[in-house]
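Letter by letter, the chains look like this.
2 protein chains.
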Amino acid sequence: MSQQMSFKDLMKVLGLGAVAFVLGVEWLNWLTRHLRDSHGPLKEVLFFPSPQVCVEHLFTRRKRFPCACPLPHGVETSFSRLLGHLLSARMSLDLCVFSFSHMELSRAILLLHKQGVVVRVVTDRDYMTITGSQIGTVRKAGIRVRHEMSAAVHMHHKFALVDGRKLITGSLNWTLTAVQSNKENVMVTEELELVRPYQQEFQKLWEASDPANHKPQCTNGQLH
Amino acid sequence: MSQQMSFKDLMKVLGLGAVAFVLGVEWLNWLTRHLRDSHGPLKEVLFFPSPQVCVEHLFTRRKRFPCACPLPHGVETSFSRLLGHLLSARMSLDLCVFSFSHMELSRAILLLHKQGVVVRVVTDRDYMTITGSQIGTVRKAGIRVRHEMSAAVHMHHKFALVDGRKLITGSLNWTLTAVQSNKENVMVTEELELVRPYQQEFQKLWEASDPANHKPQCTNGQLH
Numbered sequence: 000m001s002q003q004m005s006f007k008d009l010m011k012v013l014g015l016g017a018v019a020f021v022l023g024v025e026w027l028n029w030l031t032r033h034l035r036d037s038h039g040p041l042k043e044v045l046f047f048p049s050p051q052v053c054v055e056h057l058f059t060r061r062k063r064f065p066c067a068c069p070l071p072h073g074v075e076t077s078f079s080r081l082l083g084h085l086l087s088a089r090m091s092l093d094l095c096v097f098s099f100s101h102m103e104l105s106r107a108i109l110l111l112h113k114q115g116v117v118v119r120v121v122t123d124r125d126y127m128t129i130t131g132s133q134i135g136t137v138r139k140a141g142i143r144v145r146h147e148m149s150a151a152v153h154m155h156h157k158f159a160l161v162d163g164r165k166l167i168t169g170s171l172n173w174t175l176t177a178v179q180s181n182k183e184n185v186m187v188t189e190e191l192e193l194v195r196p197y198q199q200e201f202q203k204l205w206e207a208s209d210p211a212n213h214k215p216q217c218t219n220g221q222l223h
Numbered sequence: 000m001s002q003q004m005s006f007k008d009l010m011k012v013l014g015l016g017a018v019a020f021v022l023g024v025e026w027l028n029w030l031t032r033h034l035r036d037s038h039g040p041l042k043e044v045l046f047f048p049s050p051q052v053c054v055e056h057l058f059t060r061r062k063r064f065p066c067a068c069p070l071p072h073g074v075e076t077s078f079s080r081l082l083g084h085l086l087s088a089r090m091s092l093d094l095c096v097f098s099f100s101h102m103e104l105s106r107a108i109l110l111l112h113k114q115g116v117v118v119r120v121v122t123d124r125d126y127m128t129i130t131g132s133q134i135g136t137v138r139k140a141g142i143r144v145r146h147e148m149s150a151a152v153h154m155h156h157k158f159a160l161v162d163g164r165k166l167i168t169g170s171l172n173w174t175l176t177a178v179q180s181n182k183e184n185v186m187v188t189e190e191l192e193l194v195r196p197y198q199q200e201f202q203k204l205w206e207a208s209d210p211a212n213h214k215p216q217c218t219n220g221q222l223h
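The listed protein sequences correspond, in order, to chains A and B.
Residue numbers 0 to 223, in numbering that gives the first Met the number 0, belong to the letters of the first sequence in order.
Residue numbers 0 to 223, in numbering that gives the first Met the number 0, belong to the letters of the second sequence in order.
No lab work stands behind these hints: they were computed from the structure.
Honestly, I wouldn't trust all of these hints.
Copies of the same chain look alike in the list, so a pair counts if it fits in one copy or across any two.
[Claimed, not checked] Calculated pairs, DSSO-like style, for lysine-lysine (alpha carbon to alpha carbon, straight line, at most 27 Å):
1) K165 <-> K113
2) K203 <-> K139
3) K7 <-> K42
4) K203 <-> K42
5) K139 <-> K113
6) K113 <-> K7
7) K165 <-> K42
Please work from the sequences and hints to get the whole structure.
Structure (structure tokens):
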């Protein structure tokens, strides 16, 4: 009888513990949201170079992924923050980038595309063909890529729009040197007054780079 | 007698007119301030390329400067806005720029220095010596310039802090190609949460680039 009671007590304690845990998590969620909202829309600044750490868990979405690689684990860096913001896309990713050769950023874009996120890329005409460029790879995977049409002009932007509401912009090209060696900055914001002009600029560049708007030019009898 | 009265009336009208004018100007000032404050701190986005227009009036501070140059006058562009923000410095200008060869931006920096504004520049080691670089010119004028110490790293930032409270940042290097040809963006903001990290980054880079902290290295009996 005494054993039956203690079993009941144990169940009660476990039940109450579970309820307390769920309530605690909900309260923490509310607190985080409240604290974030009380400071207005997201504003974050990331500086580079960023130390090399394992970012495997960001791709698998399993926070405790038992990765065996030799890099440090469980460390947050500017690069892991950047990657996390990009991988938070659920609907769309609009990317305007001058130079794109970073393998993990390419992997992130390919993963988003596979998950059904609509990815659009505008890039530079010259830099898209340099050795190591990931533009060919993402294009082959079915991602829509357009490039600056004029050979005399560089498309030098380095910004991305996540779900049309989170702006990621700065000096950082999507290269390994930029991420791991250079002094660079990236700003992440959901401030509407800042996001809106970049949305408009992306749309403008996307339409201006539409090959359908550019007829092949004929000079000296040759097509260009 | 009638003539004397009308002279008095004239003086009254003129006096009242002057008072009304002063009050009107004050009210407009208040309205501008109120409208600006109601939208929060300054947030502005500029896109490039920027068409070439006369910016002489920004240097002379005489709005109606009778400039005889053939460029369009009285037109506001992304470049004139950028120049205006830089020339609004009264106390200090902290500049972190990868490539600096734009003559008018150099002229602006030299003018600020002449006016007693404390100008500090951090730049890239390789790019400071390329043909057309203005780094030598501003250094010769007495402006303090420091550069990235490592040959393996690029100081790729392109940001400026005006009076420590207005941040100008983006993809734009201080070159004629960037201003007049490339697709570029510049953000200008006084949002404290964005300005503060850039202030700290500037101070960090300024101290890290102090030649006093770097002893000359001796390899194979030669000084580097």
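Tell me, in ascending order, the numbers of any earlier hints that this structure violates.
Numbers 3, 6, in rising order.
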